[in-house]
Amino acid sequence: MHHASNHKITSIEQAVSKYVSNGAHLSIGGFTINRNPMAAVHEIIRQGIRNLHVYAHSNGQGLDQLIGAGCVSRLEIAYSGNGRFAPTCLCFKRAVLERTIQVEDYTNFQMALRFLAGAMGVPFLPTYSSLGTDIVEKWGFPDQIRLDEPKLASKKLVVMDNPFSRDHETEKLVLVPAIHPDVTIIHAQKADATGCTRIEGLSFADIDQAKAARHVIVTCDHLVSENELRKDSGANHLPAFCVDAVVHIPHGAYPTACFNEYDYDAVFLEQYQQAAGNDDTLDPFFQTYIHSPADHAEFVAMAAQNRLESIRANPVTGYADRMKRGA
Amino acid sequence: MHHASNHKITSIEQAVSKYVSNGAHLSIGGFTINRNPMAAVHEIIRQGIRNLHVYAHSNGQGLDQLIGAGCVSRLEIAYSGNGRFAPTCLCFKRAVLERTIQVEDYTNFQMALRFLAGAMGVPFLPTYSSLGTDIVEKWGFPDQIRLDEPKLASKKLVVMDNPFSRDHETEKLVLVPAIHPDVTIIHAQKADATGCTRIEGLSFADIDQAKAARHVIVTCDHLVSENELRKDSGANHLPAFCVDAVVHIPHGAYPTACFNEYDYDAVFLEQYQQAAGNDDTLDPFFQTYIHSPADHAEFVAMAAQNRLESIRANPVTGYADRMKRGA
Amino acid sequence: MTYTLKEMMALAAARQIRNQDIVFCGTGISMVAAMAAKHIHAPDATIFFETGAIDSCLKDLPLAVSDPRVMHRASMFCSLADSFGFMQNRKTGQNIVGIVGAAQIDPYGNLNSTSIGDYHAPTARFPGSGGACDVACFVNNNIVFMKLEKRKFVPTLSYRTSPGWLDGYDSRKKAGLPGSGPSMVITDMGILGFDRVTRRMKLDYLYEGITADAVQERISFDIDLSSARPFKPPTPEELNVLRETIDPEKLILN
Amino acid sequence: MTYTLKEMMALAAARQIRNQDIVFCGTGISMVAAMAAKHIHAPDATIFFETGAIDSCLKDLPLAVSDPRVMHRASMFCSLADSFGFMQNRKTGQNIVGIVGAAQIDPYGNLNSTSIGDYHAPTARFPGSGGACDVACFVNNNIVFMKLEKRKFVPTLSYRTSPGWLDGYDSRKKAGLPGSGPSMVITDMGILGFDRVTRRMKLDYLYEGITADAVQERISFDIDLSSARPFKPPTPEELNVLRETIDPEKLILN
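Residue numbers (the numbering used here), protein chains in the order written: chain W, 3 to 329; chain U, 3 to 329; chain L, 45 to 298; chain Z, 45 to 298.
Just chain W, same shape as in the assembly (with noise of 0.2 Å):
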């Protein structure tokens, strides 16, 4: 047990402004409509933060409102859809179209490897996924951006034959290179002050992704006794030594799921989806729901309205599951 950790706790203001600076390599946890930490994205579209190097597998809606902020400059990506909701997310789509980020496109199978290496603390790992695709064959960014980055890999991806094959036939292997994030930002139900983190539901890449970092703002929907964590030490998924900051913010997901605690906003997310098509709709959104709140449960009770209760977790099954989703 710990005895003098209680000082990673922290404001989401402070958290992202000490980890989170202009031109900062981030990626965030979470999956499309899943457990984005929300209350982060909103932190540094707030304190205007620029050129953003993200690392994301499907971040969804968390990513998209960043692009969309103008936060982002450059991002590596497997997918960009946000489910039902947009098939493929409206900001980043225009930020491509218009030339105003540059994309390098990985697999969702590489950005986890991608992870995990970092986690690893090796260069690369190997996958047999994206041999004869132009995953292997096109790269997204000039060479001169990797030469003039040293935080980037060297290079996309590395085509090699396997060393082990027996055959004259070689099997080739792509080896695809680990991330180090600057940061990495996740929400999780449950932490406590030491910063010892319990996911509860899919963990998605959050674990590889904050293992990989070289420093973890967990922001958590409880902030709970490091005793009641270790009551159950097989159910949690970071320690301590992983985790430089926790910002406890109800609702920090919103309007995210986040499993056991709330599901999605679908009508908010709806909101989103008609006001992200152009910066006449978009400025004034986020005017609305992220510059004018006081904080971020001001901005949750100004964007459910009436709609807190529908969207609460049945404990039984982790979502809300008589929620209206139809027309």
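One thing to keep in mind: the hints can contain errors.
What the hints assert, rightly or not - Stretch-level coverage of chain Z by chain W, calculated; a stretch enters the list once three of its residues show a Cβ under 8 Å from a Cβ in chain W:
#1 111-124
#2 133-140
Stated by the list, open to error - Here are some chain W residues the structure puts well away from chain U; computed CB gaps all over 10 Å:
#3 Arg96
#4 Thr129
#5 Arg216
#6 Pro286
#7 Gln289
#8 Glu311
Read the hints as simulated data drawn from the structure, not as lab findings.
Note that the structure is a prediction, hence the values are computed from the model and not measured.
Backbone N, C-alpha and C define an ideal beta-carbon position, used for all residues, glycine too.
Dock chains U, L and Z against chain W, hints included.
Coordinates of chains U, L and Z only, in the frame set by chain W:
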């Protein structure tokens, strides 16, 4: 939920006779004195299986008994100690010095990575471990064995230059080859009839050992309903489709420990050490404890004598925290 | 009994799923297909999401593969890396049926879900691979879902996101890919297959009331129509499962 | 207050552990050292086992790294692969203090825990690396525990299981190893260090009542004795923690 999958439940006799043939490539779960699948080990010894090729990290008690009974002819291993009970396992040591088994040495991480590579379906994984050592330089198996046995990796390991290095001074990496055992046998606290498996406490490398194998036998202290395991999906470790046979054997890991169920039996483990030093004492020991008992329950009753109550796990700590372990 | 072509597509996919299959589900109609199969004829099929939910017991239709509904009474949760590991692993991968969509497909079943035009200055941008390229590389039975449209069935892709049969014949094997190319393309008018030798797309089945010529008209390259045969229309029982049990809110089958 | 050399060894190691360290524990005396450090001066140190128990709250002395006692109120459990990943990862690896033993050590702190004689026909066999080679490759502060004996401190190893400073100077860095060579060798007579340039073993500290010559007599190669200074003997408080709290059954400190 599955409707017609109860056919995976079988007896240990049938599971071993179906999946563990002479010359099979085998791995067993557990670590030194914890959660070895001892009932299965005893059955392999009883059935007189010979010429096993065993893949081990620090498998301890179960492995040493398989060697002592003459079941093993080749071994890839990281560690053959057994905690305070054996700085070097006695049967292993004798077999190496008498050259009745052939051994190839790796590190614990390397064996863990080799199982992980098998689980992930890639031919190798990279690590910095063992650079500059005889783990790299000295290979245990003659080349002819690798040529004759297509199930073996074609090389012990390969040292490569890091293709993502930016420097003139290349970084080197050790690529360790995947393992695909014919069969992996693990012991878990809980499994259901479909093969879904839950391990409580540390899982060691059991999960990757199972995923890497062509066939998997799970022995379990408790055979529980599918419904019970699905109430806490996050606590489970193997899905049904990874498991071929489920055998319900209370105390199936005895005399090694099983978290939340029973502790190791320090007295019996010490008796084994007293017997293992030479065949004159080991043969009668195996006769008494492995060949004579009608089943595992009879073995446990005979071996533990009046200690079964004293090794019962305290539900709060998960082990027998009042068990006397000193002289 | 009347039915929509979307319903027919979902049921055409559902009928491919056998009782022992592990079904890799994407967002949308493939989930409807997998849920329908479990309710109709394959109760033991395992529904598997790349997000790490294994053997989910879907009670309510998920709107994304990360929807908390995919976690309902799963047999276990794993990480993204682990879930794709199950596909790349030959023991489990060979039993997985993939169901994927795309923006474009070529005559050999290669898929584009990335962009159109110059990759660095595209005229259209789609979400990218996600797990689609991974599943197309690894599994032995990959099913593609596409609406028949000339701009979707094209002779050459701007970007080859997911491998099909690559350039036909044994080019896929030569590239070192572990799984097989797509087994079929389920469309809103019929089902397309691939020639066993050339691996070029051909017409296998036509839905009720659709002609082979109508299919060819919606494809920008020539396909062999000679072996087309009629596909069994939905049964009332199948339609009932879709409408009453799987998607009563018409979230996907709208 | 009298004490045994085993107690002195355990406390010498305990004193190296700082409050923010992550301590990689092997079986035996290194666990006693880590537990003692947490009770005496480093309450926030994290005890870490290769078996995957992270930040254990040890209540009873484990007899193996897989002993269920290592699981007691851990902050989390991970797999073998994950636990060594924490060491290889530079962010966490650089804060890990390793404590390992071996059968033999050479002048540059390389360790043999595999075999003596021809590897294919050895005259003595030990357990092998386990996690020792891994930790010796990865961490920045590796502490070796050895009893001083001529047959253990040898000029050349039959088998180099775990890397020390390899052949001295910058040979370790050239080999591509990420962590540092051993910082010290804690023995039953004193503490040996390594020259900052040559990386050859030298005598740093002598326990109470031990002479430098007595140390040299138990080492089969010459070491520099010139900078040896006395090491502070155990305090009554330290001994009390060892005897009353950590190992009252004398399971390790016997």
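| said: Under the constraints set out in the numbered hints, which ones does this structure not fulfil? | reply: 4
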